[in-house]
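Protein chains: 2
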Amino acid sequence: MFAAVRAHTNIALVKYWGKKNEALILPMTGSLSLTLDAFFTDTRVAVAKDLTEDEIVMDGKRPDDRSIDKIRRFMDLVREKSGNPAYARIRTENHVPVASGLASSASGFAALAAAASKAYRLDLSAPALSRLARRGSGSASRSIDGGFVVWHKGHDDASSYAEQIDPADWDIQMIIVAVDRQRKKISSREGMRRTVATSPYYPAWVDAAESDLLKMEQAVHRHSLEDVGRIAEANALKMHAAMLAADPPLCYWEAGTMTAMQRVWALRNDGVPCFFTIDAGPNVKIICRKKDTDRIVSDLSDYFSAGALTVSGPGSGIRFREHF
Amino acid sequence: MFAAVRAHTNIALVKYWGKKNEALILPMTGSLSLTLDAFFTDTRVAVAKDLTEDEIVMDGKRPDDRSIDKIRRFMDLVREKSGNPAYARIRTENHVPVASGLASSASGFAALAAAASKAYRLDLSAPALSRLARRGSGSASRSIDGGFVVWHKGHDDASSYAEQIDPADWDIQMIIVAVDRQRKKISSREGMRRTVATSPYYPAWVDAAESDLLKMEQAVHRHSLEDVGRIAEANALKMHAAMLAADPPLCYWEAGTMTAMQRVWALRNDGVPCFFTIDAGPNVKIICRKKDTDRIVSDLSDYFSAGALTVSGPGSGIRFREHF
Chain G
1 MFAAVRAHTN IALVKYWGKK NEALILPMTG SLSLTLDAFF TDTRVAVAKD LTEDEIVMDG
61 KRPDDRSIDK IRRFMDLVRE KSGNPAYARI RTENHVPVAS GLASSASGFA ALAAAASKAY
121 RLDLSAPALS RLARRGSGSA SRSIDGGFVV WHKGHDDASS YAEQIDPADW DIQMIIVAVD
181 RQRKKISSRE GMRRTVATSP YYPAWVDAAE SDLLKMEQAV HRHSLEDVGR IAEANALKMH
241 AAMLAADPPL CYWEAGTMTA MQRVWALRND GVPCFFTIDA GPNVKIICRK KDTDRIVSDL
301 SDYFSAGALT VSGPGSGIRF REHF
Chain P
325 MFAAVRAHTN IALVKYWGKK NEALILPMTG SLSLTLDAFF TDTRVAVAKD LTEDEIVMDG
385 KRPDDRSIDK IRRFMDLVRE KSGNPAYARI RTENHVPVAS GLASSASGFA ALAAAASKAY
445 RLDLSAPALS RLARRGSGSA SRSIDGGFVV WHKGHDDASS YAEQIDPADW DIQMIIVAVD
505 RQRKKISSRE GMRRTVATSP YYPAWVDAAE SDLLKMEQAV HRHSLEDVGR IAEANALKMH
565 AAMLAADPPL CYWEAGTMTA MQRVWALRND GVPCFFTIDA GPNVKIICRK KDTDRIVSDL
625 SDYFSAGALT VSGPGSGIRF REHF
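First to last, the sequence lines map onto chains G and P.
For the first sequence, the residue numbers in this note's numbering are 1 to 324.
For the second sequence, the residue numbers in this note's numbering are 325 to 648.
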């Protein structure tokens, strides 16, 4: 009645933005991500018959009420599936390089899904684990597996899950640029809703994302960094463009976001194959080859502090652990 | 056989982005602008029987070949319409506050159209002058009149012209924020072509722009700064969003562009009614009331040099002059 799991975060290269079904977290489009080695969550779940509610400790303290709510609702789902009504002690540690700003619900709910399902003796296959993680946070469905992962949008709970399409055992990595946030973030959930409901560009985004996904799968299979990067960058810009057209407009960029984008374009202009992607926040994630890391980090160091830059290779899928 | 004209530039509040007919410069959508007092062009045209080609002096020197080409082709059109094959001496001076970065072809071709048509004795009405200016540069069609001007997209040369819908004799003005350009600009002409041809969002942009134009005309007639500003800001973001989705993506923003946008949002959050619009370049134009100017300029001064900020009220239409 105890399990501990490590799960890595993932960065979407073809983005997930918009739900078809809010309750089941079924996405409007399929998406594709790369799991990252440098960012992970360790979670331990111990079922305890003596508790009257779940006991949750995150990074040594009680998380905010919104997080507690989300975790308890997720645990209720696990209890329902397992037929075991007992509460649990949940301890979770996020391992995120200082100032990276990449505290992700993807690794969090992937680790929780795996640890809780084992502690409650659900014995789930990887696709079933991905489906369970999806119910906590859509992007968590992509953190069960490592390497390049595709989340099939599906049409119901059974068909909407993610799986590895390539182990990413070739020369590709990311440099994460943490950018100071000047404004309060609008949550991804709320941002998605507003974009779906009000952006005149959203229907065209859905078509473009489907087409980008097909092209990206082929680029990954060809191990083409150039194509993976170019499709990812254009896809991210299209997602942010769909948000900018929402009513009221949604803009997650800061001045530092533009600076990082411009440096990527300048470096590419100088012959360094590098590309960016940006999620629902100001941080910029740069896709590049290992050998170009020093050149890119050195260029970025003129604009960002060393602590704001984190290099990461591809990461593995979830790992069950004895303890942590 | 001589005429001198002053024309003011204009800033579109519902943007013109994309041509239906490249040769005649017929736009895909109607647009709406405010003519500005602080930025203007003085142009003098003297027909001279002794010349073997047009003699062009701009700001005291010979302009670049591309500008000379555009001006000569425009003058050929005037010669064709007037039946007078003679060449002309053309002297033009752009009055643009230092570092504003607002050297615009709008005031340039409006002044040239008015001066050349008078020097060649074409005797054109204001709508006919607007149509002629349009052939030099689309946005120039909106600089024949002052105040708020609508360019009716039309369906042929005769029906595509601009006219004043409101003299802007109420409390509205602009603060122009000149932002350092880090990258070479892609011309509006090329940017428009690429967006029309490749952006999956362009068809939705056309619909959105038509709808914004109707709402903006009503907001102008109501003299509602809040509505004019809100519609203008959302319209500009939708235009830039359509460009970001082009292939390859088009981004005219710089880090300073984002900084100015964020300051506008922060000021608005503090209760100052101000809004921005952005054209095919990094500069940000802020729409506000006269009484809020000091507050806004003082806030922006923490981020931009004093020389980068220019305040302008609404401007008048073209004026014929004795000399300059």
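Derived from the structure by calculation, the hints contain no laboratory data.
Just so it is clear, the structure is predicted and the values come from calculations on it, not from any experiment.
Just to be clear, a hint being listed does not mean it is correct.
[As the list claims (entries may be wrong)] Label-pair distances were calculated between CB atoms; the ranges are:
hint, chain 1, residue 1, chain 2, residue 2, range
1, P, Ser-391, G, Ser-67, 58 to 66 Å
2, P, Arg-507, G, Leu-51, 53 to 61 Å
3, G, Asp-69, P, Arg-513, 34 to 42 Å
Yeah, the Cβ is synthetic: ideal placement off N, Cα and C, and Gly gets one too.
Task: Whether the CB-CB distance between G/Asp-69 and P/Arg-513 falls inside 34 to 42 Å - done: With Cβ atoms ~53 Å apart, the hint is violated.
Task: Status of the given 58 to 66 Å range, CB of G/Ser-67 versus CB of P/Ser-391 - done: Holds - the Cβ-Cβ distance for P/Ser-391 and G/Ser-67, about 60 Å, lies within 58 to 66 Å.
Open item on the list: Between the beta carbons of P/Arg-507 and G/Leu-51, is the distance compatible with 53 to 61 Å?
Closed with: Holds - the Cβ-Cβ distance for P/Arg-507 and G/Leu-51, about 58 Å, lies within 53 to 61 Å.
In terms of the numbered hints stated before, the structure departs from hint 3 and from no other.
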